[in-house]
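Student: Each chain, written out:
Protein chains: 2
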Amino acid sequence: MSESKIDTRLWSSKARNLSPYVPGEQPQHDNLCKLNTNENPFPPSPKVGQAIAKVLEKQAEDLRLYPAPESDDLRAALAQLYSLEANQVFVGNGSDEVLALVFASFFLKERPVLAPDISYSFYPVYAQTFGVDLIQIPLEEDFSVDPDAYRQPCSGIIIANPNAPTGLLLSLDDIRKLAGEHSNAVVVIDEAYIDFAQSTENNQDTTVSAISLINEFDNILVTQTFSKSRSLAGLRVGMAFGNVSLIEALTRMKNSFNSFPLDKLAQAGATASVIDVEYFEQMRQQVMDLRESLTADLTALGYDVLPSHANFVFARPKDGNASTVASALREQGIIVRHFDKPRINEYLRITIGTPAQHERLIEALKTLHDSNDIAAG
Amino acid sequence: MSESKIDTRLWSSKARNLSPYVPGEQPQHDNLCKLNTNENPFPPSPKVGQAIAKVLEKQAEDLRLYPAPESDDLRAALAQLYSLEANQVFVGNGSDEVLALVFASFFLKERPVLAPDISYSFYPVYAQTFGVDLIQIPLEEDFSVDPDAYRQPCSGIIIANPNAPTGLLLSLDDIRKLAGEHSNAVVVIDEAYIDFAQSTENNQDTTVSAISLINEFDNILVTQTFSKSRSLAGLRVGMAFGNVSLIEALTRMKNSFNSFPLDKLAQAGATASVIDVEYFEQMRQQVMDLRESLTADLTALGYDVLPSHANFVFARPKDGNASTVASALREQGIIVRHFDKPRINEYLRITIGTPAQHERLIEALKTLHDSNDIAAG
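Protein sequences, first through last, are from chains A and B. Each residue of the first sequence is one higher than the one before, starting from 1 at the first, in my numbering. Each residue of the second sequence is one higher than the one before, starting from 1 at the first, in my numbering.
The hints are simulated quantities; they were obtained by calculation from the structure and are not laboratory data. A quick note: this is a predicted structure, and the numbers were derived from the prediction, not measured. Among these hints, one or two may not hold up.
Which copy is meant is left open, so a pair is good if it fits within one copy or across any two.
[Said to hold, decoys possible] With a straight-line cut-off of 20 angstroms between C-alpha atoms, the simulated DMTMM-like cross-links for lysine to aspartate or glutamate are:
#1 Lys47 with Glu57
#2 Lys5 with Glu85
#3 Lys341 with Asp142
#4 Lys366 with Glu331
#5 Lys341 with Asp319
#6 Lys318 with Asp340
#7 Lys58 with Asp30
Please construct the entire structure, taking both the sequences and the accompanying hints into account.
Tutor: As structure tokens, then:
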């Protein structure tokens, strides 16, 4: 639609001042190697489809009726998975909706919310939507988060962990520090990618999720999603974990906005996904293994690859000309994400794909850099 | 959860001041005669299940990927159905979400929004959520809406048409009058039940939907839902129709809140429902026929039944003791809706059910009123 045709006369000032989020593109061509939106290369658990088919079989009884407004079965399954009470669990229409409700429920006009300057680009959009000041705290030189840089009055802190697009992980000790130093603020840890993270301490596979801290800190709220590690971006389910009082605020906000955000099929499918622990563990391990091999292949091509704890890598080609590489790949039907922003414009964010997709990517990069070398020579 | 355990210390003032919507109860017992939440007694089109099953069959390709953010296929199908352009159509997660975005997009803090005093009880909740003043305009003595009563400065008017819980229909002439007299306000016609309405002029089946006015008035926005006439309350799909500039505001607001409100299965199922015009026409006719027979049966029992254009009737027992009737029915597993509010507390809102459910209801009422007569005698 051409912007010139739009008449904003009847819009609210809120509507006029928005800067909507722009999601990564979803081109619909065949034979595309789509490594740009951090979807999982593998299908969801087969139990998901079975559970949804079961609802469909008796749809006469089911789809005509409203769904459970508080998604009780799904919340119970998540509570059991993480050894929590159901009233410490909230679910919504993707973690994007959950995050929007978080901004409305906890962050104040009087005191700003703090977030890293390089992070999920929806955070500043939410801040504008809900009229909250967002102060961007610069990441360190190595793209890490320094908790000491957050020492200022605020009503909240929101940090993606692992961060996007860097893939770097903040330790639980640092999160403890943030929560302890900001007892009057809600510290939101957006763990969209946490299931791909591994603790590096002592080479042991210890927990890295801040869910382990919510019984200790009443001001830590953890958000997660079914879109990445559970291969269910198409089903739109996200969740939050926290103290019962934080969850109650989210529930009240939801019920003042939209009582039934999760349809019956999404509730059934998501619940089945949670219960199939074995499949989940296999798939996330597979993605982590592929991340290691892709990191090795890119490193061999001279790329500087940040140590990723997510289902993507953030990599800088030798000459830093990421934009050119992205365009050249696109011509061959390989889509990766390039952010034309200060500090990160020399990097590409590449989603972990299948072995075949990685092969295609690496071959294309080899050819590209070889010919560049020749051209440059 | 006991309220006493809740600590609001970390809540935003917005969260503290909410009065969340309370949906009609969804009890999960067997053999319940559930006539309380205006769901359709008949199943959705079989095409809906088929379309969703088709997505599931190739779920490896599909559920792991994000859905189309603007639900293009669904909007195209709706545009075709109503002879509109796709950019005159907006869809969301149930008409509740659409209405929330409407409040955020068009209604101002500076000028109030006007709504009937007896109407959908979510409107005052949205007003509070978005910090907008809502002025309730009393319905006439006969529960009708008088457009002349709305002559005051406002940023918007929202009217459910047919209204709930009365079922009464406002004419297109009255809607034209409202829109013409309030050219600086958005006039929202919430047509959740419109597919069950029939024009009474000249006994002809002429259009009653304000969709027919949106090319004439740039300030009319029409909302509808898949939850009633399309038997898809469990799928959470609602829509809005209006001038491209109004639709653009809703789209921008959505993309500042949650880019992907409709999952892949809901988009596929809803699209199939729109395309199956024949089934839709049969089902809505069937519900309207059942409404006429239920109205006759209740009238025969001495009930005063308002002329309904919805999939429910609003009926007053002879003695006006609606609360007692509702309780007595509940003891027999028949759930109807009673609103304990001034002016309407002598009425029951009874959803149109299956012939068997109507029989059960009427038998129960006969017995109840007979025994009451005996007791009173």
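Student: Each of the hints needs a verdict: does it hold here or not?
Tutor: A quick look at each hint next to the structure:
Both within a single protomer and between protomers do lysine 47 and glutamate 57 lie at most 20 angstroms apart by alpha-carbon distance, with minima of 15 angstroms and 13 angstroms respectively. Taking the shortest Cα distances, lysine 5 and glutamate 85 sit within 20 angstroms of each other only across copies (14 angstroms), while inside one copy they are farther apart (52 angstroms). In the homo-oligomer, the alpha carbons of lysine 341 and aspartate 142 lie at most 20 angstroms apart inside one protomer (16 angstroms), although the nearest pairing across protomers, at 62 angstroms, exceeds that limit. With identical chains, the CA atoms of lysine 366 and glutamate 331 are at most 20 angstroms apart within one copy only, with a shortest distance of 15 angstroms there and 75 angstroms across copies.
Within a single copy, lysine 341 and aspartate 319 get their C-alpha atoms as close as 17 angstroms, which meets the 20 angstroms cut-off; across copies the closest is 72 angstroms, which misses it. Proximity of lysine 318 to aspartate 340 under the C-alpha cut-off of 20 angstroms is restricted to the intra-copy arrangement: shortest distance 18 angstroms within a copy versus 72 angstroms between copies. When the C-alpha separation of lysine 58 and aspartate 30 is checked against a cutoff of 20 angstroms, the pair qualifies only between copies, where the shortest distance is 15 angstroms, while the shortest distance within a copy is 35 angstroms.
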